[in-house]
Amino acid sequence: MMNDTVVACVQDEMGAIFLYSLTERKIIERIRFGKSGDFEGIEIIEDMAYVLKSNGKIYQFSFREHTTITLNTPLKGANNAEGLAFHPEYDQLLIACKGKAGLNGKSVEGKAVYGYHLNEGFNPDPVFLITSKQLESWNDQQTTPINLTKRKKAFMPSGIAVHPETRDIFIVATVGKLLIVLSPEGHIKHCVPLSPRVFRQPEGICFTTSGDLIISNEGQDGRGKIQLFKRIEGLGDEINEGLRD
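Start counting the sequence shown at 97; every next residue gets the next number (my numbering).
Since the hints were derived computationally from the structure, they do not count as laboratory data. Just so we're clear, the structure is a prediction, and the values are computed from it rather than from any experiment.
In silico lysine to any residue, SDA-like type, Cα no more than 25 angstroms apart, as pairs:
| no. | residue 1 | residue 2 |
| --- | --- | --- |
| 1 | 122 | 143 |
| 2 | 172 | 201 |
| 3 | 153 | 215 |
| 4 | 153 | 170 |
| 5 | 153 | 98 |
| 6 | 172 | 196 |
| 7 | 196 | 174 |
Hey, can you work out the whole structure from these sequences and the hints?
Take a look at the structure:
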């Protein structure tokens with residue numbers, strides 16, 4: 097987010113940043129940062145925008161100078177990088193991969209989140225891994241388990257965000273229609289099924305500074321949709337009104 101009322105968005109075929117006003121409910125500015133490509137995620141850090149391409153490349157755009165620098169990673173198209181977030185305590189970008197978890201043909205179980213430190217570069221070891229066994233173990237401990245039979249197999253991350261206060265990691269998935277909340281240490285805290293009636297194609301996720309949750313849905317053949325879910329005081333930082341299936 098640019099601030100609590102303006103959301104920065106990318107379109108998955110155009111090298112441009114769209115600034116959407118939550119108060120005016122419209123796009124207020126379009127900023128070109130590069131050529132067309134398969135762009136999947138965006139994160140704003142001070143006067144810099146970081147835009148993620150599905151092949152793992154990150155484009156660092158300066159709002160002040162209107163210049164773009166390409167940051168390379170060992171991620172490839174097979175990893176299908178989809179989500180981008182910033183973890184302020186570790187000064188690193190988090191990259192959620194929809195495809196294969198391993199690098200350079202290495203087989204790794206589950207879905208991976210990698211880190212790109214702003215000073216030290218890419219970390220070849222996953223920061224977080226989410227596996228079917230972890231989802232099963234979490235579900236077995238619940239008083240009212242949810243039906244994960246199909247969702248855990250289909251789960252493919254499409255967006256990632258860091259809670260501004262708890263530093264919990266929120267990962268949303270279009271394929272599998274799940275919202276998974278990880279503790280800062282990477283343990284599953286919550287797993288929320290998302291209704292396909294409400295979330296047609298959830299691709300992006302972020303927070304306001306007060307903890308309100310924003311999820312964007314790709315438009316497919318129609319318009320995209322941005323949904324804001326108010327934080328409910330007293331129910332825990334992980335719960336926001338209207339999310340559950």
